[in-house]
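Given the coordinates of chain D, assemble chain X onto it according to the supplied hints.
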Amino acid sequence: MSAIGRLLWMVVAAATALFLVAPLLVVVPLSFSSSSFLEFPPPGLSLRWYEALWQSPFWRQAGVNTLIIGAAATAIASALGTLAAIGLWLAPLPGRPAIFGLILSPMIVPVIITAVALTFAFSPLGLAASHWGLILAHAALGAPFVVVTVLATLSGFDRALLRAASACGAGPITTFRRVLLPLVLPGVVSGAVFAFATSLDETVVVLFLGGPEQRTLPRQMFAGLKDTIELTILAAATVLIAASTVLLVVARLLAARSARLASAALR
Amino acid sequence: MGRERVKLEAALLLAPLLLFIATSFVAPIAAMLWRGVSDMEVPRAFPRTLAALADWDGRNLPGDQVFAALADELVAARAAGTLNAAAGRLNSDTPGLRTVVFTTARRLARGVEGSPRAAILAADPAWGEVETWGALRRAGATPTDTHLLAALDLRRSADGTITSVPEEQRVFRAVALRTVWIGLLVTLLCLVLGYPLAAALVFVPRRLFGLLLFAVLLPFWTSLIVRTAAWMVLLAREGIINQAFLALGLVVEPVQMLFTRTAVLVAMVHILLPFMVLPLYAVMRQIPRAQLRAAASLGAGPVAQLVRVWLPQTLPGVGAGALMVFIQAIGFYVTPALIGGGADQMLPYFIGFYATQTVNWGLAAALSILLLVGTLLILALFGRFLSLAQFRAA
Numbered sequence: 166m167s168a169i170g171r172l173l174w175m176v177v178a179a180a181t182a183l184f185l186v187a188p189l190l191v192v193v194p195l196s197f198s199s200s201s202f203l204e205f206p207p208p209g210l211s212l213r214w215y216e217a218l219w220q221s222p223f224w225r226q227a228g229v230n231t232l233i234i235g236a237a238a239t240a241i242a243s244a245l246g247t248l249a250a251i252g253l254w255l256a257p258l259p260g261r262p263a264i265f266g267l268i269l270s271p272m273i274v275p276v277i278i279t280a281v282a283l284t285f286a287f288s289p290l291g292l293a294a295s296h297w298g299l300i301l302a303h304a305a306l307g308a309p310f311v312v313v314t315v316l317a318t319l320s321g322f323d324r325a326l327l328r329a330a331s332a333c334g335a336g337p338i339t340t341f342r343r344v345l346l347p348l349v350l351p352g353v354v355s356g357a358v359f360a361f362a363t364s365l366d367e368t369v370v371v372l373f374l375g376g377p378e379q380r381t382l383p384r385q386m387f388a389g390l391k392d393t394i395e396l397t398i399l400a401a402a403t404v405l406i407a408a409s410t411v412l413l414v415v416a417r418l419l420a421a422r423s424a425r426l427a428s429a430a431l432r
Numbered sequence: 024m025g026r027e028r029v030k031l032e033a034a035l036l037l038a039p040l041l042l043f044i045a046t047s048f049v050a051p052i053a054a055m056l057w058r059g060v061s062d063m064e065v066p067r068a069f070p071r072t073l074a075a076l077a078d079w080d081g082r083n084l085p086g087d088q089v090f091a092a093l094a095d096e097l098v099a100a101r102a103a104g105t106l107n108a109a110a111g112r113l114n115s116d117t118p119g120l121r122t123v124v125f126t127t128a129r130r131l132a133r134g135v136e137g138s139p140r141a142a143i144l145a146a147d148p149a150w151g152e153v154e155t156w157g158a159l160r161r162a163g164a165t166p167t168d169t170h171l172l173a174a175l176d177l178r179r180s181a182d183g184t185i186t187s188v189p190e191e192q193r194v195f196r197a198v199a200l201r202t203v204w205i206g207l208l209v210t211l212l213c214l215v216l217g218y219p220l221a222a223a224l225v226f227v228p229r230r231l232f233g234l235l236l237f238a239v240l241l242p243f244w245t246s247l248i249v250r251t252a253a254w255m256v257l258l259a260r261e262g263i264i265n266q267a268f269l270a271l272g273l274v275v276e277p278v279q280m281l282f283t284r285t286a287v288l289v290a291m292v293h294i295l296l297p298f299m300v301l302p303l304y305a306v307m308r309q310i311p312r313a314q315l316r317a318a319a320s321l322g323a324g325p326v327a328q329l330v331r332v333w334l335p336q337t338l339p340g341v342g343a344g345a346l347m348v349f350i351q352a353i354g355f356y357v358t359p360a361l362i363g364g365g366a367d368q369m370l371p372y373f374i375g376f377y378a379t380q381t382v383n384w385g386l387a388a389a390l391s392i393l394l395l396v397g398t399l400l401i402l403a404l405f406g407r408f409l410s411l412a413q414f415r416a417a
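Protein chains in written order, with our numbering: chain D, 166 to 432; chain X, 24 to 417.
Pulled out of the complex, with its shape left as it was, chain D reads as follows (with noise of 0.2 angstroms):
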């Protein structure tokens, strides 16, 4: 390539990938600065807006909130993903691409149509404005990742491993414990670290199917930001930051670890 359209490259690339981190660049010094306003670069720093979200109910309540209800849906969605991955791996079934379909269509349809339907469909049940509402619907959009990750770490695997087992005398339940959950554990724990990650950054269905018991940190975030911009929330997006950051690490990691796996697998 010519020397001025690589220059000419490498700038388009660099200045995008500055436009990808930038904001969140401007948001993490801002949380911590000691002014009320939004000046940047902050005139002094100090932790009053973490302090001021400790100490704020609404946003404990809704912090907590989101680590219940998170926590249970990714709960659901890792068992039942991991048994329909295993089952799916197992055995050619009739109707595969209906299957798949089926377990993919949380992720296809738009997330506002599911806030509106489960809330048209929840309100009857006493599920509407509930935390077991909100914890299905999470549960039913974190599923897929599960099955796709679960999956994949089954992919690298021979079904003969099954057998192997039975004939050296293993019965189903140990065949599972033993052989089964510990191939499959890279990828249900990735699963899981996504469907987590879907729970924390869903706002919409929260905003919809919610209650003000149910206030979460995304629609806390939400109800402030119609509001003033207050720093609170810049400490808040920086706490969600960084559990974004270290979900990000544990899903690399467990990526790698996988893949090394499978690779001695087929080794």
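No lab work stands behind these hints, which were simulated from the structure alone. Please note that the accuracy of each hint is not assured.
[Stated by the list, open to error] Derived CB-CB ranges, DEER-like:
id, chain 1, residue 1, chain 2, residue 2, range
1, D, Leu258, X, Ser180, 50 to 56 angstroms
2, D, Ala294, X, Ala53, 20 to 26 angstroms
3, X, Val194, D, Gly209, 29 to 35 angstroms
4, X, Ala145, D, Glu378, 50 to 56 angstroms
5, X, Leu42, D, Glu378, 24 to 30 angstroms
6, X, Val225, D, Ser199, 52 to 58 angstroms
7, D, Glu216, X, Gln192, 49 to 55 angstroms
8, D, Ser288, X, Asn83, 17 to 23 angstroms
9, X, Val382, D, Leu290, 55 to 61 angstroms
10, D, Ala240, X, Gln192, 26 to 32 angstroms
11, D, Phe341, X, Thr379, 41 to 47 angstroms
The structure displayed is predicted, hence computed values, not measured ones. Just so you know, even glycine gets a beta-carbon here, dropped at the ideal spot from N, CA and C.
Frame of chain D; chain X shown alone:
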């Protein structure tokens, strides 16, 4: 283990998830979409009137037994409390019918003198018009195309022909066009910015690779609401960009950036860009570098190498990225709601609006059908194109 037994085990393992998704996801969505082609309010209030209207010719006023049924049911519905919802539904078909229904019911409740026909016509002259009865029959039909037509700014008149609503009442065609337009713009901008970045990921030295990949993955993993908040901080009147502009003397007073179309586009491109970069990178990584050297040794210049060797092989990535960005873009709710003005709201906003603010479930459901069918259609069309392209590439 026999083959059949393994299949049974596989089915049993799949069953819990399929059952869960079917009951707590698919069934609610199907029930909501059904509201888009059916009506509940008017049939609940006027079941016998609607049954009697079934064989009405639609050109002359209906017969006496229809008037009699309506007179009974108006009074009964007023007492039972189902009249309000039915009147609201009729009013959304033909503005003004709410008053007609309430006035008539109130007068009839005081006692019917003479024939029901005479009493109803005396209560409100609107019942002497064929259009009123047409509206009543339309609002009671299941399946009905009323809501779907309304979602396209169309309506059916008493004789059954479909016409556009008056110019000043048209809303949804503009909204649908705007949704597609914003989706296309965001996709194009993501492609223009994402392509060079994805290529850079393939060609940069290892040291820089980690940094670049981090720049793509960190926003990808960060909450959508956090990224929207970040753009609000940057674009606000007292925000970072205005501060910088003022300090540099580029402007004398703050520029209004928030609540504009540009702001919506910038934030949406920022949020969706990783969905373009990652599939592009995955495809570009597979292209052997030796091909470019081979092309060069065969006399291809830099432009020919790019256009004839590199570019065609990246098309599956372009397709996959564009598909992912576009179908997500047309479903965006939070970002336009916070960063856009009234003229930047897309279909999802109106679905939410009609489901909560005005509680017009039929219209909310019809708009949902529009959005969902659009999404699935694009997925079906481009999904096939994608696999073909990948097949060719392989």
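Verification of the hints:
{"no.": "1", "hint": "Leu258(D) x Ser180(X): 50 to 56 angstroms", "in the structure": "51 angstroms, holds"}
{"no.": "2", "hint": "Ala294(D) x Ala53(X): 20 to 26 angstroms", "in the structure": "23 angstroms, holds"}
{"no.": "3", "hint": "Val194(X) x Gly209(D): 29 to 35 angstroms", "in the structure": "50 angstroms, violated"}
{"no.": "4", "hint": "Ala145(X) x Glu378(D): 50 to 56 angstroms", "in the structure": "53 angstroms, holds"}
{"no.": "5", "hint": "Leu42(X) x Glu378(D): 24 to 30 angstroms", "in the structure": "28 angstroms, holds"}
{"no.": "6", "hint": "Val225(X) x Ser199(D): 52 to 58 angstroms", "in the structure": "44 angstroms, violated"}
{"no.": "7", "hint": "Glu216(D) x Gln192(X): 49 to 55 angstroms", "in the structure": "53 angstroms, holds"}
{"no.": "8", "hint": "Ser288(D) x Asn83(X): 17 to 23 angstroms", "in the structure": "43 angstroms, violated"}
{"no.": "9", "hint": "Val382(X) x Leu290(D): 55 to 61 angstroms", "in the structure": "19 angstroms, violated"}
{"no.": "10", "hint": "Ala240(D) x Gln192(X): 26 to 32 angstroms", "in the structure": "49 angstroms, violated"}
{"no.": "11", "hint": "Phe341(D) x Thr379(X): 41 to 47 angstroms", "in the structure": "46 angstroms, holds"}
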